[in-house]
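Participant: Below, each chain spelled out in residue letters.
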Amino acid sequence: MAAEPAILSVQGVARSFGGIQAVDDCTFDVAPGRITGLIGPNGAGKTTVFNLITGFLGANHGSIRLQGREILGLAPHRVERLGVVRTFQHLRLWSKMSVIENVLLGCATAAGENVFGLFLRAGAVRVEERRAQDRAMEVLQFFGLDARANEFAEDLAYPEQKLLSMARIFATDAPVMLLDEPTSGLDSESLGRIVPMVRRLVDHGKTVLLIEHNMELISELADQVVFLHQGRVLASGPPAEITRDPALTEIYFGV
Amino acid sequence: MTAYLAHFLVMVAIYSILALSLNLLIGYSGIFSLAHAAIYGIGAYSSALAALKLGLGFWGGMVVAASVGAFASALVAIPSLRVAGDYYVVASFGLQVVVLAIFMNWTDLTNGHAGLPGIPRPSLFGWVIDEPYKYVFLAAGFAVATWAICWRLTNSAFGRVLQAIRDDEIAAQAMGKNVVLVKIVIACISSALGAMAGSLYAHYITYINPSSFSLHESIFIATLVILGGSERLSGPIVGAFLLLAIPELLKFMAIPDTIAAPMRQIIYGALLIVFMLVRPEGILGRARHGR
Chain A
1 MAAEPAILSV QGVARSFGGI QAVDDCTFDV APGRITGLIG PNGAGKTTVF NLITGFLGAN
61 HGSIRLQGRE ILGLAPHRVE RLGVVRTFQH LRLWSKMSVI ENVLLGCATA AGENVFGLFL
121 RAGAVRVEER RAQDRAMEVL QFFGLDARAN EFAEDLAYPE QKLLSMARIF ATDAPVMLLD
181 EPTSGLDSES LGRIVPMVRR LVDHGKTVLL IEHNMELISE LADQVVFLHQ GRVLASGPPA
241 EITRDPALTE IYFGV
Chain B
1 MTAYLAHFLV MVAIYSILAL SLNLLIGYSG IFSLAHAAIY GIGAYSSALA ALKLGLGFWG
61 GMVVAASVGA FASALVAIPS LRVAGDYYVV ASFGLQVVVL AIFMNWTDLT NGHAGLPGIP
121 RPSLFGWVID EPYKYVFLAA GFAVATWAIC WRLTNSAFGR VLQAIRDDEI AAQAMGKNVV
181 LVKIVIACIS SALGAMAGSL YAHYITYINP SSFSLHESIF IATLVILGGS ERLSGPIVGA
241 FLLLAIPELL KFMAIPDTIA APMRQIIYGA LLIVFMLVRP EGILGRARHG R
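Top to bottom, those sequences are chains A and B.
Take the first sequence: its position 162, counted from the start at 1, is 162 in our numbering, and no numbers get skipped.
Take the second sequence: its position 150, counted from the start at 1, is 150 in our numbering, and no numbers get skipped.
Hints were generated in silico from the structure; no laboratory data involved.
Hints may be right or wrong, so weigh each one.
Stated by the list, open to error - Listed next, the in silico DMTMM-like pairs over lysine to aspartate or glutamate satisfying Cα-Cα at most 25 Å (straight line):
hint	chain 1	residue 1	chain 2	residue 2
1	A	Lys96	A	Asp29
2	A	Lys96	A	Asp146
3	A	Lys96	B	Glu281
4	A	Lys96	B	Asp86
5	A	Lys96	B	Glu231
6	A	Lys96	B	Asp167
7	A	Lys96	A	Asp155
8	A	Lys96	B	Asp168
9	A	Lys96	B	Glu169
10	B	Lys53	B	Asp130
11	A	Lys96	A	Glu154
12	A	Lys96	A	Glu151
No experiment lies behind these values; they were computed from the predicted model shown.
Please construct the entire structure, taking both the sequences and the accompanying hints into account.
Facilitator: So, in structure tokens, the structure goes:
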């Protein structure tokens, strides 16, 4: 499996907050077309790693490469345009906007988002907007949310809000999707809806890096697991290997 | 009587442009500005000076006004909108104070308190727009154009991005939106339109002085937006109409001038408080259902 070149490569990344070393010499690869799970106990630095990759935080040192191109230090919107999108643990949906508008914001509408395009290229804007509407509906169908397209995002049930947070980044066409705890706060019935959905993302050519808390779910969800502890990568490998390692489970469960 | 009504309508049109353009910031972008009267003043002064000193006339003056207004706004917006949060309120307050000080103290250019008289009337294909009733058409035309521009900006992919930024800036960034650039662009557009209202005013009244562009005026324009309803495009127009009508109605009551002026302030203040309590979303309320 070492033969497969990484689509996203994190090398020796470090970030401290005051005296706390949140991420320290963190190194791991994300294989294309796979689901990589980032696990570790609370405070291991998982979300910090997400923030570093997506440009919301700067690193003290290290390198993060997307298809060989350095992305560390770029602004979040530039990282997104290069092909890395993310969800948030607290979703951050545009709650006062409709479900379809949330997804439309992920669709390609460059002419209509440009003030000059808006007034000088009305025809192109109209065509683009119609395409975006079609694409957004398609994405909503894919996530089973098409019936709720015109409702406010805040009026969706929590599992549907989680699906919407995935749908709007799926719409962007960015190849790498970072999912921050896609299964947290869900009951078993909703899990049955979300877990296969994550699988289907990969079937559609996406690469997924996700943060997961549930050690039982990780085997079901991920092809590859990176175990983070105190900002360092303690181990990585197939989930069966990681979850069976007594040293790691001890750290994880604190027994 | 027609002249009186025409004057009222011209002022409603000018204040509608001011309120519509300010609402691009307050309502659609969630950026509160206290400098809109300064921008209005920049438009009035630069248009007047372009006409008086460079002989550019009304149309050239309006182009100068819009450019200078957008530029002044960019000067403040570029540093302050880079930082998330409410810094722009403070920065815009600073702009308001500085600009007013320039109007009052750069006497070689602005003539200080004495102001600038003799600003030429606009003309269109040789037809001089001198009577108030003629000016109604000009001002209303600009108000409609402003409304159309605002409609296009807010009912489009660009408008969606604005709303996304207003509701959750971090999410907008994560979705690839250049939040800082969009905010600077909308601040410049808002100011260019506000400055055009200043140009309309200067060439209508033909005389300007700093007192028309004070902080009070900024607050008054913000009041039009908030009372009219910032969630709808037409809200600010309703606000402008009503708040300009109140002092006119007071004139018909047997109230001496010395009481009427403070009465106006009291009525505005009371209205604001009442609205914040019973109808915080303004007269027209939300464009769509919601909480």
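Participant: Does each hint hold? Answer for all of them.
Facilitator: Checked hints:
1. A:Lys96 with A:Asp29: violated (37 Å)
2. A:Lys96 with A:Asp146: It holds: about 18 Å lies between the C-alpha atoms, which stays within 25 Å.
3. A:Lys96 with B:Glu281: holds (14 Å)
4. A:Lys96 with B:Asp86: This hinted pair holds, its Cα atoms lying about 21 Å apart.
5. A:Lys96 with B:Glu231: Holds: Lys96 (chain A) and Glu231 (chain B) sit about 12 Å apart, inside 25 Å.
6. A:Lys96 with B:Asp167: holds (7 Å)
7. A:Lys96 with A:Asp155: Satisfied, since the Cα-Cα distance of roughly 9 Å is no more than 25 Å.
8. A:Lys96 with B:Asp168: holds (10 Å)
9. A:Lys96 with B:Glu169: At roughly 14 Å apart (the allowed maximum being 25 Å), Glu169 (chain B) and Lys96 (chain A) satisfy the hint.
10. B:Lys53 with B:Asp130: Holds: Lys53 (chain B) and Asp130 (chain B) sit about 21 Å apart, inside 25 Å.
11. A:Lys96 with A:Glu154: Holds - the C-alpha atoms of Glu154 (chain A) and Lys96 (chain A) are around 7 Å apart, at most 25 Å.
12. A:Lys96 with A:Glu151: holds (9 Å)
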